[in-house]
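Student: Dock chain B against the given chain A, drawing on the hints supplied.
Chains as they are written, first to last, in my numbering: chain A, -11 to 338; chain B, -11 to 338.
Certain hints may be false.
If several chains are the same, the list does not tell them apart, and a pair holds so long as it fits within one copy or across any two.
Pairs of lysine to any residue, SDA-like flavour, derived with a Cα cap of 20 Å [unchecked claim]:
hint	residue 1	residue 2
1	157	289
2	157	29
3	92	155
Keep in mind the hints are simulated off the structure, nothing from the lab. Since we're looking at a predicted model, the values are computed, not measured.
Number of protein chains: 2
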Amino acid sequence: MPLTSDHPLLDGRTGTSPLVRAYRGDRPETTPVWFMRQAGRSLPEYRELRVGNEMLDACLTPSLASEITLQPVRRHHVDAAIFFSDIVIPAKLAGVEVAIVPGKGPVFANPIRTAADVAALRPLDPEALAPIREAVAMTVAELGSTPLIGFAGAPFTLASYLVEGGPSKDQLRARTLMYTEPQVWATLLNWCADIAGEFLVAQVEAGASAVQLFDSWVGSLSEQQYVRRVAPHSKRALSHLRGYDVPKVHFGVGSGELLRAMHGIGADVMGVDWRIPLDTASERLGGDVPLQGNLDPALLGAPAHVLEAHVQDVLDRGLSAPSHVVNLGHGVPPETDPDVLTRIVELVHG
Amino acid sequence: MPLTSDHPLLDGRTGTSPLVRAYRGDRPETTPVWFMRQAGRSLPEYRELRVGNEMLDACLTPSLASEITLQPVRRHHVDAAIFFSDIVIPAKLAGVEVAIVPGKGPVFANPIRTAADVAALRPLDPEALAPIREAVAMTVAELGSTPLIGFAGAPFTLASYLVEGGPSKDQLRARTLMYTEPQVWATLLNWCADIAGEFLVAQVEAGASAVQLFDSWVGSLSEQQYVRRVAPHSKRALSHLRGYDVPKVHFGVGSGELLRAMHGIGADVMGVDWRIPLDTASERLGGDVPLQGNLDPALLGAPAHVLEAHVQDVLDRGLSAPSHVVNLGHGVPPETDPDVLTRIVELVHG
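Excised from the complex, chain A in its bound form (with noise of 0.2 Å):
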């Protein structure tokens, strides 16, 4: 698709970026890369703005949120910010109750479990955006031609928090609902695309010039389930962009044999995890999908002359698809030596 300088949204501004170039399926002079998970634990700038700030408090401060996805852009040069905020968030400000507990992950006072548990969940009132519409507005202004990418979690993920009450192994209770009350599933799964749906296009409309929807436990799925109780309510959730003319990108965890379907509810760009090579990913989805990805996490604590062969490898596989924005296969971890984060981002632009 050409790009149009003249698009209300992208304004030239981070149109001709190397992200979103390659989000659009061309290939810049040198290829874009950033992290998932690039705002947060590993950098020590953010553990200090984190001391006696909560989590979702931080993800709810326009500053904060604001400063935090800025610092991995200042930090390791990477090609793209993305919004730092939380799946639970827009579950969060249409009132679900939910805290992060460290060391566990979201926990929910009330996991959702019935008919009348979906039935009381309230719309999100646009007026509960405004700290994200602000957050948005405050880092694209400092952010400059480069690009931010807005962020939410999918209706599966989400609703599986919501029916677990938090983490689970293989969503096990979520699934059980899927099959035990398809419409009360169908309805949750809707409220969640709404509301992932909207968060979204606040982030678009206050300045961010891609999104990445997260699907992150959709590797807990068979292909037929996915297709037939997932696929149509994460279309549902990109659906809300319709009119925005920005570049969407999916992603889940161990979703090798998903990839297809994923890439079928309207997604422009396949995130691909470290399981698969790009090479069988590009083939799986007809060699005309941009892809992002899949350095191997387990590599950042490798030697260096260990890791450069494996950014190589994914640098060289990667040219089986039209276009490619190196990432990695999963989240940046914890403990990782953000040095090292710096120094791929080098040897990719290199």
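Tutor: Below, chain B alone, put in the same frame as chain A:
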């Protein structure tokens, strides 16, 4: 392969059982069925027996291990017992300090992370296996013509626990060691292979009619990593059984992309998790490998008609393989209503 009732080990006792026949590629009149983790927390009689008995003590007390192994056979009339044990037992018997922390899993006092740590690992004294032999002998005496399946964790899964020091999400530290110190990794995995192999041999010599090697966490690996850094060691584990004519089953969670490579270690039967249908699995394996699986544990809480349709679907798809043993696609969740398991056995047998 024709059954030989004159085999010194199978001796006709279990050689014509539906389970052993199906494992050998035959189709008995009724499809056999058992459940991974059938001996365990879903059973009230198990929870009663465990009061005041630590998990690993229960594994190493022959009367307890035997009784726990027998409980689900008595209750559900499944076609096999699976020896009640834990993946870490061979390491414990070789002198590694480990405890099972309720709600968390195995925790190692001293994780194995360096060449020196690995060099300090001692071989498994055959004498240490005495309680295992005794428990198995007691169990098979009681089981009569119902076969006992021997149990062991595969080298990668056991090594992951040892390196991480306990359970982990993506086996990140273990996989980093794999890249960082390939020699240390190989030595560690060989040690794990040998203790797992010896653990299986002890069970077979005491009367187990088949074995299952569990590579629970193998789904965190790419196929390339698996083939290069794991498969040779899994093969080594099974090579200890050379000379013992027992069917060897192999299983890992999330291993759809690895099925063919996992079969290549010398497995006779492949267990399949719930993520891919049995007909897809069979096709990937060339159509001539007996399969075990793959009811979705999430269905155990579904209404009867939904569960029944799922059982029928799994049975239908199992016809794509030369033979089929019904099982879950993962272990029995602790909160399972045991009556549901009994009902599944009736359905499969009926």
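Student: Any hints this thing doesn't respect? Which numbers, in order?
Tutor: Checked against the structure, no hint fails, so every one of them is satisfied.
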